[in-house]
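Protein sequence lines, in the order shown, are assigned to chains V and P. All letters in the first sequence, in the order written, are residues -15 to 157 by my numbering. All letters in the second sequence, in the order written, are residues -15 to 157 by my numbering.
Hints in this document: simulated from the structure, not taken from any laboratory. Do not rely on the hints blindly, as some may be mistaken.
Copies of the same chain look alike in the list, so a pair counts if it fits in one copy or across any two.
[As the list claims (entries may be wrong)] Each computed DSBU-like pair below joins lysine-lysine, with the alpha-carbon atoms no more than 35 Å apart:
{"hint": "1", "residue 1": "K126", "residue 2": "K65"}
{"hint": "2", "residue 1": "K33", "residue 2": "K64"}
{"hint": "3", "residue 1": "K64", "residue 2": "K27"}
{"hint": "4", "residue 1": "K124", "residue 2": "K27"}
2 protein chains.
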Amino acid sequence: MIVFVDMDEVMADTYNAHIEQYNQRFGASLTKEECMGHEVWQKVPLEHKDTIWQHYLEDGFFRTLRPMEDSIEVLKELNKKYKVYVASAAMQFPNSLLEKHQWLDEHFPFIHWRNRILCGDKQILRGDILIDDRSHNLEKFKGRPLLYTSPHNIHTNNFERVNNWKEIADELL
Amino acid sequence: MIVFVDMDEVMADTYNAHIEQYNQRFGASLTKEECMGHEVWQKVPLEHKDTIWQHYLEDGFFRTLRPMEDSIEVLKELNKKYKVYVASAAMQFPNSLLEKHQWLDEHFPFIHWRNRILCGDKQILRGDILIDDRSHNLEKFKGRPLLYTSPHNIHTNNFERVNNWKEIADELL
C-alpha cells in the first residue's frame, strides 16, 4: 500500500516559519491565531502582499524548517507498514529542490531517495493514501485523501481530517 | 491524456556526454559504437568502474547536456495535444535537481513548472503513456509504455519501441 505524504505544513512547519519571516522583515507582530482560517498573505497590509513570499525564493528558508511534532517518530513506523513516499509540490521554488532533499536527509534519513518526489502538480500520483494540507491536491487524488489540519484549512469540510501526527498514527498504524 | 517523458537519454543526450566525460578524464577513446548493447561502465577497465560516475555528482554535467535531435520541436507539438509531464528519476544525484529544472527552462520553457516531476522511482506515476529508455521504469507503469532506443537497450524486446523523436511524432501526433 502506497502512502504519499506532503512536506510543507505536514512534515515541516512552513506556516509558522512564514509568519516569523514576515514579522522579522516587516517589523510586524502577526500571530498564528490571527491567521486562523486564512492564508498569511490575506492578513497583512495590502502593500506587503506582493513581497511577503520573498523568502520562499531565497536560500535557507526550506532548509531550516522545524519538523512537525511527532512526525519523525510516526513516519518511522508508517515506513515499516506502508510504502511511504514524500511528495512535495516544490517546482515553483527552484532553490527549494536541493534544500528539501537535504532537509529530508537530516530529519528523515529513513525515507530513501527512491521514495522522494518533487513535482509541480500532484494529480499524477498513483497510490492509496495522500496526506496533504491542500484541498486542490486532495481533490484530484484517486485514492483516500486525508486533510492535515493547517491554519489556512480549518474551515474546509469535505475531507477526512487528521489534526496532528498522533491522529495519523491512530488512523494508519 | 497524460504523457510522461523521461529526461536522460530521451530528451537529453546523457549517454554520449557520459562517454565524452569518461574519455576526457581517463584519456580514453571509447566510442558509442563499442558500447552498443551495454552500459558504459561495462565497457571500461575494471579499475575505472567505481569512479566512472563521478561527473554525475559534480556541478554542471546535467546542466550542459545537449537536447536530443528533434525533441524540442516534437515536444512542442505533443504539448498542444496531450498533458505532457517530464518525469526524471533524479533523486540519486541531488545536485542535478536544480540543474535539470534550469535545463528545462533553457531548452523546453514551454513545459510549465507544474508539469515537471523529479522523483526516485517511477512506479508512482498515474497517466496514459510513458516514454522512457529504462525497462525497470516501463515494467511498473500501468499505462502504455514506449521504449526510447538508447545504446544500452538495443537488445530489449518486450516493449513497443520508438527509435527517435520523429517516430514519436509519427506515433502520437
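Inset, instruction - Evaluate K126 and K65 at a C-alpha cut-off of 35 Å and name the case that applies: within, between, both or neither. - result: both (21 Å within a copy, 24 Å between copies)
Inset, instruction - Up to 35 Å between alpha-carbons, please classify K64 paired with K27: within, between, both or neither. - result: neither (41 Å within a copy, 39 Å between copies)
Legend entry - Up to 35 Å CA-CA - K27 versus K124, copy category: Answer is within; shortest intra-copy Cα gap is 28 Å, inter-copy 46 Å.
Inset, instruction - State whether the alpha carbon distance between K33 and K64 is at most 35 Å within one copy, between copies, both, or neither. - result: Between copies only: 34 Å across chains, 43 Å inside a chain, cut-off 35 Å.
The structure shown violates just one earlier hint, number 3.
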